[in-house]
Amino acid sequence: MKALANNFGVAEIEFRDWQEKGLVILNGVIKIDTENKSYKAAGVLEIMVPDMSISRSAVTAVFLRSSKSDGASTIVKSWIKDVRTICVEKLPEFDEFGPLTLYFTSAYVTLGHRTDCPLNTVLRPSIVNGGSGSQSASDTKAIVTDSWCYLYICFNKFAGADYKDAFECTLGGLPEDIDITFPVVTASAYAYTFGTPTSICRIKGKTLSCEGRIAFGEGSNQGDFISIFIVRKR
Amino acid sequence: MKALPSIAFNEFKGSAGDVTARVSKGRQVLSTRCQHSHVKTGPQAVSRNRLSSISRSFRKLSDSQMKEWVILAERMKGISTFGKAAELTAHNAFVRINTNRTLAGMPMLESAPVYTSDVPEVDYDDFWVTPDRIIFVGLNQPSVHHRLVVKMSQTTSAGVSSGWNNIVIITPALSPDWGDADITEAYIDRIGFAPVSGQKYFLSFWWMDTETGFTGESMAASTICSDLSNVNKKLYKGRPRMNFSDAVSDENSPFKDMSLELSGSPVLVTASGEYGFLGNGSYMYIDFNDEDFPREDVDCFLMGRGLGKCKYEIACIEHSVRPLVGRDGYGRRIAISRRGGQYLKEFEVFGTTAEVAVTVIRG
Chain B
7 MKALANNFGV AEIEFRDWQE KGLVILNGVI KIDTENKSYK AAGVLEIMVP DMSISRSAVT
67 AVFLRSSKSD GASTIVKSWI KDVRTICVEK LPEFDEFGPL TLYFTSAYVT LGHRTDCPLN
127 TVLRPSIVNG GSGSQSASDT KAIVTDSWCY LYICFNKFAG ADYKDAFECT LGGLPEDIDI
187 TFPVVTASAY AYTFGTPTSI CRIKGKTLSC EGRIAFGEGS NQGDFISIFI VRKR
Chain A
54 MKALPSIAFN EFKGSAGDVT ARVSKGRQVL STRCQHSHVK TGPQAVSRNR LSSISRSFRK
114 LSDSQMKEWV ILAERMKGIS TFGKAAELTA HNAFVRINTN RTLAGMPMLE SAPVYTSDVP
174 EVDYDDFWVT PDRIIFVGLN QPSVHHRLVV KMSQTTSAGV SSGWNNIVII TPALSPDWGD
234 ADITEAYIDR IGFAPVSGQK YFLSFWWMDT ETGFTGESMA ASTICSDLSN VNKKLYKGRP
294 RMNFSDAVSD ENSPFKDMSL ELSGSPVLVT ASGEYGFLGN GSYMYIDFND EDFPREDVDC
354 FLMGRGLGKC KYEIACIEHS VRPLVGRDGY GRRIAISRRG GQYLKEFEVF GTTAEVAVTV
414 IRG
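First to last, the protein sequences are chains B and A.
The numbers in the working numbering rise by one with no breaks, and the one at position 161 of the first sequence is 167.
The numbers in the working numbering rise by one with no breaks, and the one at position 245 of the second sequence is 298.
Take the hints with a grain of salt, since some may be wrong.
These stretches of chain A come out as covered by chain B in the derived footprint (C-beta under 8 angstroms, 3 or more residues) [said to hold, decoys possible]:
1) 231-238
2) 317-329
Okay, the calculated bits of chain B under chain A, using three or more residues with CB under 8 angstroms as the criterion [stated by the list, open to error]:
3) 122-132
4) 151-161
Bear in mind the hints are in silico, worked out from the structure with no lab data behind them.
Built from N, CA and C at the ideal position, the CB exists for glycine as well.
Start from the sequences and build out the full structure, keeping to the hints where you can.
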């Protein structure tokens, strides 16, 4: 889905999307120039798109990543305001660390459905060939449909041979038709930082690759986690 | 008029003082004249004060503003059920629009709103009038500016065919909650008691656009109070939304504005709230009762965003609901625990995630 316009000065915005009654899932990356006049003037970031399947949504979360040296990130509120408008909360305190990047790995839903709520079929994806024991998970869960997946992984260890090194591993139990770039939230005992450091990862096919950690050195990083919705490419 | 004797001196017609004389079916009937009680109820007094205040404001408008209201009044007249357009003066239009806005808590308009399009009729799936609840569901709210106005009667015998003359405003400007308009409390506040099973109730309802003050055509319905809905004759089914109303916060585990609702298939969880892990550890338990929630177990991972000293830091927060056995007073417990990310003390949670309570495991 290509956006028709936006109020914060980004030339082109495109999402991979899944839409059905009561649900919109968006995947996409948007880089924001915090010096742009339109961005500065905006109170809420608005993205105008062709008609969506829902006319409003509950608030969901979108990653906001700064250009600070540790990749400081947070989550911001996002919602569908009307059938053609996606809104994103603006956090001016991050502006000095621009450019900023929004990562959409998000589900937008409508509420008020009087449906039966049967238990979901939950998969447990596995890390098949974590390099030298450097990538291991304490908990994994996934929901896979024909059109989208939800993936949750909490890591015991998530690093390469050296913490700065890029690395990759293979995920078992997920479909191969996925390709998404997103931040992995890192765990840290260091409190009171500005936001939380994240590392950029990509899942393409069954391969999970990471650019390497850029903060907090060689800590155990127990508790790095992924929690994302992925639109399948089929 | 004084009572005058007829030529034959045997018939009296007319009124004298509080007595009226008339002839009915050959018989002389004397009756006392109805008197206005001059007793004003609280709501009537408020309504009359509001009307007179709005009415007085019209005289303070500039000439150009008055012309705008003249033009608007011309556009607004035209709806009539008798084939002839109802006349509306600029003053009438001003009072009508601004009364509507005032009822919705909006400030008065001095300049006439632009007449653009008609406010749609109320589109809804069903409604219930039961002894426990009065609720519309599946309302299709035209925009966030549109509010529902509902008028409803008191208890009426099931044999009464028309009671719309006795309806009163229950909600002047209700914003539906995801298609639901629950007017139970408003009805009891206004009428004083809940609907009675087997009795008849008359309703009238319409949308009001709070931006312009325009209202849509009113829709009328009557129903017998029962457990079945008016349209589909079904029993009421609640939303899959947790009711935390009897949960109690403590100083180590404060929380506020908690909500958790399920939707879709596969089931997704949308939750929000503010929490504090102010005791030892990064977890808290909250006990509560909710017999209507359709699931025993709920498990999901949402992201928390730090508040206070941890502002904007991110953590993965598991929300796990389980039945509570052997503890008096409460039937459910939600455990809220940090599973990843940073160790937050105070944080807010918002967003939608997948529900992952496990009974079927593959892979």
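Okay, the hints, checked on the actual structure:
A count of 3 residues in the region 231-238 of chain A with a Cβ less than 8 angstroms from any Cβ of chain B is obtained; the coverage claim is therefore met, three being the minimum. By the rule of at least three residues with a Cβ nearer than 8 angstroms to a Cβ of chain B, the coverage given for the region 317-329 of chain A holds, with 7 such residues. Only residues whose C-beta sits within less than 8 angstroms of a C-beta in chain A count toward coverage, and the region 122-132 of chain B has 11 of them, enough to reach three; the restraint holds. Under a criterion of three residues with beta carbons nearer than 8 angstroms to beta carbons of chain A, the stated coverage of the region 151-161 of chain B is upheld, 5 such residues being counted.
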